[in-house]
Amino acid sequence: MYFNVFGEKVSKGRFKQMVNAFKNRQELIAAGLTSRRDLLKLGLLSASGMLLAKHGLSARAQTATTPTSTSPGSFNLCLPGNQAASPTTRAFVEPLPIMPLAQTVPVSSLSPAPTIAPNTAGGEVRAASHQAPLLNPSMFPFPPPRVYQVRQHAIQAVQSPDLPTQTIWAFDDGFHATSPGPTYRANYGVPQLVRNINALPPANQNGGFGMPSVTTHLHNGHTPSESDGNPCDFYPSGNFCDQYYPNVLAGFSFDHRPTGDINESLSTLWYHDHRVDFTAQNTYKGLLGFYCLFNQFDTGDETTGFRLPSFPQFDIPLAFADKVYDPTTGLLAFDLFNLDGILGDKFLVNGKIQPFLQVQPRRYRFRLLDTGPSRFYEFFLTDPNHLGANNPFFVIANDGNLLPAPVQVTSVRIGVAERVDVIIDFSSFAGKTLYLENRLRQINGMGPVPPQGLVPGQVECSDAFGNLLSDILPAGQGNLLLQFRVSGTKVVDNSVNPMLDHPTFYALPDTTATPRVTRTFQFDRLNGQWSINGQFMDCNHFRFLVQQNSVENWILFNATGDWTHPIHIHLEEHQILSRNRVPPPLAVEHSRKDVTQLRQNERVLLFFRFRDWLGKYPLHCHNVIHEDHAMMGLWNVQPQGDTVLRP
Amino acid sequence: MTDLRESARRRYFPDLTLRTQDDKEVRFYDDLIKGKIVTINFFYSKCEDVCPIVTSNLVKVQELLGDQVGRKVFMYSFSLKPKEDTPKAMKEYAEMHGVRPGWTFLTGKPEDLELLRRKLGFTTPDLRADKDVTNHTGNIRYGNEPFMLWGACPGMADPQWIAESVEWMVRPDAVHLPHEHTPAHPDAPRPEHRHHERPAA
Ligand SMILES: [Cu+2]
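Top to bottom, those sequences are chains A and B.
466 is the number of the first residue of the first sequence in my numbering; add one for each residue after it.
-2 is the number of the first residue of the second sequence in my numbering; add one for each residue after it.
Treat the hints as calculated values from the structure; they're not laboratory data.
Derived DEER-like restraints, expressed as beta-carbon distance ranges: (1) R125(B) with P980(A): 37 to 45 Å; (2) I581(A) with E60(B): 35 to 43 Å; (3) D46(B) with F719(A): 43 to 51 Å.
Ideal Cβ placement from N, Cα and C applies to all residues, glycine included.
For reference, chain A alone in the conformation it holds in the complex:
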């Protein structure tokens, strides 16, 4: 049986037609033909709004037929999921939104005044007293030097001029209410407190999806548990939580006293709602933003430290999201009963569908973030006039952690919640138009199509004619996400040139220490739910105890075969020691990580040092649909740990 994205039964013929229409639309967008009028004029759009098969527009259109369950050589991974059918939107007509910088407020403006113990009577919902000021009040004063107050509430937003105004959920620092929310410019050594107020509308006004109950996680923060935004620490509208971010390097209280290990410096963090069972809906509705952390090396000033492009003018966070809009109303739609993963057919950057960005012919740092819900991306820089050209750029950070040195690539792949910081040098493209393009072929919630011919016996996808389908689409035939319009006028560029200056950043912390325990986590699907070691998410149960200030190795094992899971672990970063017993082949994976892609049939070995803070934290799949369907577990850092091997 075949179904469309709205779950309606359709015939096999109709399904093929939809799949073709979807592909055609991708191609037409690439060709710049996106308005309804253009399409009608060219006879490519039927009266019902369905794109007509358009043999001849490109060679691919003639052969790209969908594999079906009966065609030889095809596998489930190669079967498209329900095809999205959002209304047509024009591309590259609106500028890329740049999120405003979050503004501090005087602590005296907070009412009630912040307290170290949770002020439950005053409406605060927090699991415990602030650890940091209790541990070291001179290092972590209370209140800290920077204080913010944000409210989460509904706003009206235009995500495309061709769609109606959308009601989404935003963060409001008192100066700007946006989604993605205001970007924090945080500094090591400057602790901060964020009063996070839930001012979302009542549950019966959620606009079709979303739970107005929140807990905001600072993703990759070395954060005390009570401020981490644990999925179980959610609170309803009218309540608040004070989150204390120490902005301190890991190891400060243990093996790198007193200030921590500089090689554990973090730079690109993000914050997002983490409400247990409802993270997918709430983040899809807009509850996320960036948190950029600077220090004496990564200064945000291209004339000092590592001399990375200056923030925020030449250092730009980019939040990628794929979404679906109801074909009749044009309103943002969320598939409430999806179990596998949601793929959208509209691509947003910083809250706009396919925006453009005017850039100068110089180096920029972009912080690329996959906000999900389920899609993986492989980013390429595409010059539409030279589709055959490789346009290299530099990856400087993985998951917001600066690499030992920049790595030159022609593409980089990330999964949900992963980040890469890249440096793109536009100086040789003055006066041209370029695109950031996602060329990864992903057709359902399981993950990207596997690469061809690499692993004997591995699933490969083919079309109806038996031609193997590559995981990478040809240049110009992927999803054009963001248009760069490079101005022609030469400008000054004081930033480091990765090509000529050969900069180095942070060394990787040593991973040879003997682990106190090696634990194994099997990620699986059990009877229609996602599980870890046969267990499901439950806020009332902790799975195991990690010993404070200890080293552990974790084995992540993918028991779901063809699925790819982006696995996220809170509190401390990890390093990937091996994938299927060999060190990761990609240079960019020789890095510190907080999300690791657990790919098809993989066993991945990770190295951890759990330091400084106590309390409960989760590990989970960051395909947020899997996460909300129980692929998550709680653990706890305590002075005395356990040695449960398969918790």
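Put chain B with the ligand on the given structure of chain A with help from the hints.
Here is chain B with the ligand on its own, set in the frame of chain A:
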């Protein structure tokens, strides 16, 4: 009814005619879903592996929710094998497990139940695994139709946790104070039977 509720109805809740364990005819949307807070799972009465665990868990959930069940909260179990799950067979199954009023077992035309299963997302994209009905027995959807709030939790989870999840639908604006993070050591009784999802042979 708002447009949004209407479009959710069109997308997910076909108004099919079903039959209860008391051999009563009911409409899926009008009688079971519209205006209600519900739990939804799929089962079949001869299922020996997972369904009995889920059902006995749900019996405990029903106890924990107390007299809300049948008044505020309505529990539904839909048959995966409607041909063999006659009203009589379902009634025996319900009685055997000590199911009390407020929890309805439903059967009907096989193609109708199959459509419901797909609409409500009790599926897997692996076509062979999808044919093995036991793969659809572990999931519990919970929701508040007028509020358009829908979530899911595992049928093999601790009944206390399932009941808490359902309570969110009853009182979405209630404060639940989080557990402090000084833990009791992991000591939860864990269900022993696990059905690993595999394609049918
Ligand atoms: Cu997953």
